[in-house]
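Read top to bottom, the protein sequences are chains D and P. First residue of the first sequence? That's 1 in my numbering, and the numbers climb one at a time after it. First residue of the second sequence? That's 1001 in my numbering, and the numbers climb one at a time after it.
To be clear, the hints were calculated from the coordinates, so they are not data collected in a lab. Incorrect hints may appear among the rest.
[Stated by the list, open to error] Stretch-level coverage of chain D by chain P, calculated; a stretch enters the list once three of its residues show a Cβ under 8 angstroms from a Cβ in chain P: (1) 99-110; (2) 222-235; (3) 249-256.
[Said to hold, decoys possible] Each pair of labels, with its calculated beta carbon distance range: (4) Pro258/D <-> Glu1080/P: 34 to 44 angstroms; (5) Gly1221/P <-> Leu138/D: 52 to 62 angstroms; (6) Arg1126/P <-> Pro258/D: 31 to 41 angstroms; (7) Ala131/D <-> Lys1129/P: 49 to 59 angstroms; (8) Leu17/D <-> Lys1129/P: 50 to 60 angstroms; (9) Tyr324/D <-> Arg1150/P: 49 to 59 angstroms; (10) Leu1116/P <-> Asp173/D: 15 to 25 angstroms; (11) Pro258/D <-> Ser1065/P: 25 to 35 angstroms; (12) Asp1298/P <-> Tyr324/D: 52 to 62 angstroms; (13) Ala131/D <-> Asp1298/P: 35 to 45 angstroms; (14) Arg8/D <-> Arg1150/P: 35 to 45 angstroms.
No residue lacks a Cβ here, since even glycine has one placed at the ideal position from N, Cα and C.
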Amino acid sequence: MLRFIVRRLLQLVPILLGLSVLLFAWLRALPGGPAQAALGERATPERVAAYNEAFGLNENIVVQYLKFLGRAVQLDFGTSARTGQSVTSEFLLRFPGTIELTLFAMAFAIGLGVPLGYLAAKRHGGFVDNASVIGSLLGVTIPVFFLAYLLRLLFAVELGWLPGSGRQDVRIDATHITNFYVLDGLLTREWDAAWDAVTHLVLPGIALGTIPLAIIVRITRAAVLDVVNEDYVRTANAKGLSVTTVRNRHVVRNALLPVSTTIGLQTGLLLSGAVLTETVFAFGGVGSALRQAISDRDYALLQGFILILAVVYVLVNLLVDVSYGLLDPRVRAR
Amino acid sequence: MNPLTTPVLEVEDLRVRFQRRGEPATLAVDGVSFSVAPGETVGLVGESGCGKSVTSLATMGLLPSRGVQVDGSVRLDGRELLGAGDRTLRKLRGKDMAMVFQDPLSSLNPTVTVGLQVTEVLAQHRGLKGEAAKAEAVDLLDRVGIPDPRRRLGEYPHQLSGGMRQRALIAMALACSPRLLIADEPTTALDVTIQAQILELLRDLVQGSGTALVMITHDLGVVAGLCDRVHVMYAGRIIETAERRDLFARPRHPYTGGLLNSVPRLDSGRGTPLTPIRGSARDTIPWAQGCAFAPRCDSAEDDCLVEVSGSEVDLVTEPGGRELRCRHPLTPAVPTTSPLTPGATS
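Starting from the given sequences, assemble the full structure and let the hints guide the process.
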């Protein structure tokens, strides 16, 4: 197991090197540049040159890359051109928001998806089943930004039930220790602040969780349909176990094996930035920062964020593989 | 069978009909009747698809409720099981009647320890929890011949050998000393040497405990070693019933004879060709049109068909307790000097 983990971590090195080269070249191939973005379209060539000089953008691109790489291994990704903050502190400020949003979205997707998928399988061919199949098809095909706008328009703008932007009401003077706003509210016992942060998660969380929800419903349904016909479920019934025991210990436990993989992979995807959803809801997470950085040509922030997110993605996947071994004793043995 | 003892299991005129949407219904079991006395071992023998497994699943109430229609009567110690509610059946299953299945690996839950799979029966029916359940489980595994049982409790099914898995399943089935044990081809998935061990184990466990054993198999070797009485099934019906010795010495239904002839025997000379039954189990005709075995039968004559004789071929009880569904049996009812001439029509 340890060798497996070490090998996977070593694989990160070539992945990150390749990714950094691609990123570096690709960002600089974009039309325009940080100077134009910062100084405006009508900036004089002199001011642009001065700006580039000041930020080291005149040097040879290979030299620039090597300098960047040298600092990056020390976790220094430079300063954001827009905010003047270090990229690392910018990330630490925004990533907790994305984690909270991801957790909410996944809780929504799992909490609804697993029971729905189970029910659909139990009533195979019935109304719930057909509705879930059609519903999940709709869920995967509807564009996220469209659903996000729809939810915001209906529940935030028209009905006014839930907040439609931000991570917390600015009028609440909340203390932030960890930048996990919900957690901060609980730690400082500012209950209203915590609750307010939760309400800010609802709409973006639902928008973001819809695709995972649809996928989880489908996978759960298929897995349960497979498992209920297994011989060991028949054995469990032949032993006269109660319906609840058969369901929880013998059907659901085995059906959740493929579902857990899906959950892990979806979590990894959401963590690496929900650009569209966060933008629609002006949610101060990693996703909206990325979008802003692209229009600002904020090279440092983009490079830093994307590299860190790549590491996060690989780590989450590693975690999924390791946890699968814990869930399935047959995998553990190998 | 002692006529004074009341049977543990009485199956009477059992009919199982499978109905799938858009397809004609199939009658998998078509009027099967038999009974099993305490301590008796009864064999249900036939090719795959003859309805023997469906009979056992119907007895246990394990057939799916949708698309399946079960009629007739199944009584356990005089108590009617067909039509009994799910809760009632769950109380009986695992406690008064238990079942051992064909493939031990797929019949065990891969993600639950062997220990829990044994103790969950004890918890369900005997209220045993914690250490008491564990101790009893160790005792059970020990009784079915699993070495180092305490260690095995913490292991998963894939860590056990095939024979061990089947022993574990038998331990689960015997956990509450059931009145009836149904073994559905318990040795098919095992090595020959292990097969013999498992059969011996089953015989030892059943003998003396008064448990009635129904042995479902296509393997006549299993029947020869274990069963007191044998019912041969074909196309959903019982076609011949006899005491074990009687059946082997003097098979009367051509199908039974065919089964015996398709197994190599030590006392036949080397090079003697086996005589398998013609065709496959699919070459049948509905019982309503005549003997279902007629298309494959060497003894068949025109009157095996309903359109010639005007009546279905019935199961007839003969003196000596043998039952036979055939108009042209291999040997006459009373043994004569020429045992292989076709008998007279009934």
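Results of checking the hints against the structure:
1. Here the segment 99-110 of chain D counts 0 residues with a CB under 8 angstroms from a CB of chain P, which misses the bar of 3, and the coverage is violated.
2. With 5 residues having a beta carbon nearer than 8 angstroms to a beta carbon of chain P, the segment 222-235 of chain D meets the requirement of three or more and the stated coverage holds.
3. Coverage of the segment 249-256 of chain D by chain P holds in this model, with 4 residues showing a Cβ closer than 8 angstroms to a Cβ of that chain against a need of three.
4. Remark: the range hint 34 to 44 angstroms for Pro258/D to Glu1080/P is upheld by a beta-carbon distance near 42 angstroms.
5. Checked against the hint of 52 to 62 angstroms, the C-beta distance between Gly1221/P and Leu138/D comes to roughly 58 angstroms, which is consistent with it.
6. Under the hint 31 to 41 angstroms, the C-beta atoms of Arg1126/P and Pro258/D, about 35 angstroms apart, fit the expected range.
7. Ala131/D and Lys1129/P have their C-beta atoms about 41 angstroms apart, which leaves the hinted 49 to 59 angstroms range violated.
8. Taken as a hint, the range 50 to 60 angstroms holds for the pair Leu17/D and Lys1129/P, whose Cβ atoms sit roughly 57 angstroms apart.
9. Checked against the hint of 49 to 59 angstroms, the pair Tyr324/D and Arg1150/P fails, with Cβ atoms roughly 29 angstroms apart.
10. Checked against the hint of 15 to 25 angstroms, the C-beta distance between Leu1116/P and Asp173/D comes to roughly 53 angstroms, which is inconsistent with it.
11. About 27 angstroms separates the C-beta atoms of Pro258/D and Ser1065/P, a value consistent with the hinted range of 25 to 35 angstroms.
12. The beta-carbon spacing between Asp1298/P and Tyr324/D, approximately 58 angstroms, falls within the hinted interval of 52 to 62 angstroms.
13. Between Ala131/D and Asp1298/P, the C-beta spacing of about 58 angstroms breaks the proposed range 35 to 45 angstroms.
14. Between Arg8/D and Arg1150/P the beta carbons are some 37 angstroms apart, a value that agrees with the proposed interval 35 to 45 angstroms.
Checked against the numbered hints above, the structure violates hints 1, 7, 9, 10 and 13; every other hint is satisfied.
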